[in-house]
Amino acid sequence: MSHLSQETLWSLARREAAPPELAAGDAHVEACPSCREQLSQVQSAQLMLSMLPVPPRMPAALSRAVAVKLEAKFQRPERWWWPFESLSPRMGFAFAGAALAAVVVVLMAGGSAPTSGGAGTSSMGTIASGRPASGNPATGSSVAQAPAVQVAAVVAPRKLTVKVSSVKRAKHDSTALTADHVLAEGSTISTEKAGAAALELPDGTLASLTGATAVALTTLEEKQLTLDVKQGSLELDVPHREDRVLTVTAGAVTVRDLGTRFSVQRESERVVVQVSEGSVEVSVAGEQRIVHIGETLTWANGKTELSTAKPVAPVRGAGASGDHDVAPPRGHAQPPASADDSGVERWTNPLRPETEWNGPAGH
Amino acid sequence: MQLINVMTALALPFPFMSTDFSAVADPLRTIALKARDGESAAFSMLYERTREMAWAALYRVVGPTPDMEDLLQESYVQLMRALKGYRGDSKVSTFLHRVCVNVGLMHLRSRRRRPEDPVDEIPESESQALDPERRAQAQQASVMVRKALATMSQEKADVFVYHELMGLKPEEIAELVECPVNTVRSRLNRARVDFTAAVTQLRGTEV
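Those protein sequences? They're chains C and E, same order as listed. All residue numbers for the first sequence refer to the working numbering, where the first residue is 1140 and numbers rise by one. All residue numbers for the second sequence refer to the working numbering, where the first residue is 110 and numbers rise by one.
Isolated chain C (complex conformation) (with noise of 0.2 Å):
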């Protein structure tokens, strides 16, 4: 005799069988001692879930502490560090870069952008465009805007640029040279022998090249400026200025302006520095000297010469045609060597036309 299935003795034990089902399985659990001891063990387990006390109603005590708890995990926004909830993370870090990007460019632009004057363009715009800059001798303006930009000249100096104010017969290396021409550092300008060029370099210093004078423009720097007289005859007016060095060399000497106006005379193995107001620092061979206001100082073949004569003239060919119609810098007068009636060629100082030459040393 086969025994109940577990579903029939649970049916039986709650009655829920259909009556035909009900009378068949009482009759087995009569004959059958094994299955009526199941039937047994089966009622007294549901007798247990019968007494199971009913769900009461949720206590608002307990209804309100889990509304807090949960309120408290899940209303905190699950960045804690983030405390913007209506901008998610990845968008306020978008928002971020794009304003940390235009203020960048902004201070960049600032950097370039003109003065109040309108004269002077940093250098840096001129790097990264690589059009010229200009800068306004007069105020030294180009200079004067180095602040906007200190943080990228911490990281590489900045390259400053000269330009042509007025020039007659003068290459900028093999190209012929043209006014308002930019020169960037490593430019080397040179002019024929009628030839003349008017520079203006960044920190507001005027230089006037004569004829057959070739000068390189080596280092055109915010805090150096280096120019280096290869030949003929350089002569600058310097403004004074504590916040950057402005070096002439011609072979093996070197001058260092002090503030003034000075030139720079050089042939093979003679160079003349005469300083017609203030004074420059002389190096030469490792030894430095002062040159003063009137003085001349001459190195010719290995030695040092200093003097108080006259002013020396350009040496013999420079500008010597007379042929000075190069409109100068602002503040310089034409240049022009013109005869008298007496046939000497008198000489006029480029940078100061009140001065007369009696012309060149010797001439």
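What the hints contain is simulated information worked out from the structure, not anything from laboratory work. Bear in mind that the values here come from a model prediction, so they are computed numbers and not experimental data. Just so you know, not all the hints are guaranteed correct.
What the hints assert, rightly or not - Interface residues of chain C toward chain E, partial, derived using beta-carbon atoms under 7 Å:
#, residue
1, Glu-1146
2, Ser-1150
3, Ala-1152
4, Ala-1184
5, Met-1187
6, Leu-1191
7, Pro-1192
8, Pro-1194
9, Met-1197
10, Leu-1201
11, Ser-1202
12, Lys-1208
13, Leu-1209
14, Phe-1234
Note that the Cβ used here is the ideal one computed from N, Cα and C, for glycine as well.
Chain C is already provided as a structure; the job is to place chain E on it using the hints.
Quick look at chain E alone, frame taken from chain C:
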């Protein structure tokens, strides 16, 4: 987009979705979807609408216990985790029942591993309608049932609780445990055997 919002708000089925209409018509569906998407107000509303359901389900599994607050909180934490994969194609109450039963059974098993814990007593406030004798019997029954459940495997205990304590039909249990109805029936029979044996043993121990 506006049509989708309207249909979502009205809990209407979308034509491109083959889904359970009872789930789509679930009044909790829209709230649960919003809660899933991080709307804290929707989660608060979901809690208000379902807290009694969760309370009753947990109570049937674990009985009166001072841990009920923690269990409820844990149930809703797990509900929120479960809702992350919720696509609106099943009833929210199904999610909640399953979570509460799991949390309750886990609690019973942890209690079984810690026999030193005191036996939970039915609070006075919940048994005022019971006479002392009936109250003592209810207390004894509650303890015995929970101990018996704690001895059962997870699968059997789930089916047994759903059917014997919560009154669900095998078809409903099949949806909850995601298995065929026949599997549920056979699993329920085995669970009844285990439960009966456990209760018999517990009664013999007491005697």
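Hint-by-hint comparison with the structure:
1. Checking Glu-1146(C) against chain E by beta carbon gives a least distance of about 5 Å; that is within 7 Å, so the hint holds.
2. At a threshold of 7 Å, the smallest CB-CB gap from Ser-1150(C) to chain E is about 11 Å, leaving the interface hint violated.
3. Contact between Ala-1152(C) and chain E, as hinted, is not supported at the beta carbon level, the nearest pair being about 10 Å apart and thus beyond 7 Å.
4. With a cut of 7 Å, the hint placing Ala-1184(C) at the interface with chain E holds, because the nearest CB-to-CB distance is about 4 Å.
5. Using the Cβ-Cβ criterion of 7 Å, the hint placing Met-1187(C) at the interface with chain E is satisfied: the shortest such distance is roughly 5 Å.
6. Proximity of Leu-1191(C) to chain E holds as hinted, the smallest CB-CB distance being about 6 Å (cut-off 7 Å).
7. At a threshold of 7 Å, the smallest CB-CB gap from Pro-1192(C) to chain E is about 5 Å, leaving the interface hint in force.
8. Annotation: interface hint on Pro-1194(C) holds; nearest CB of chain E at approximately 4 Å, less than 7 Å.
9. The beta carbon of Met-1197(C) is positioned within 7 Å of a beta carbon in chain E (closest approach about 4 Å), and the interface hint is therefore held.
10. Checking Leu-1201(C) against chain E: minimum C-beta separation of about 6 Å stays under 7 Å; hint holds.
11. The closest approach between the C-beta of Ser-1202(C) and any C-beta of chain E is roughly 6 Å, which is under the 7 Å cut-off, so the hint is satisfied.
12. For Lys-1208(C), the shortest C-beta to C-beta distance to chain E is roughly 5 Å, which falls under 7 Å, so the interface hint holds.
13. Because the smallest distance between the Cβ of Leu-1209(C) and any Cβ of chain E comes to about 5 Å, under 7 Å, the interface hint for this residue holds.
14. Interface hint at Phe-1234(C): violated, since its Cβ lies 20 Å from the closest Cβ of chain E, which is beyond the 7 Å cut-off.
In this structure, the earlier hints numbered 2, 3 and 14 are contradicted, and the remaining ones agree with it.
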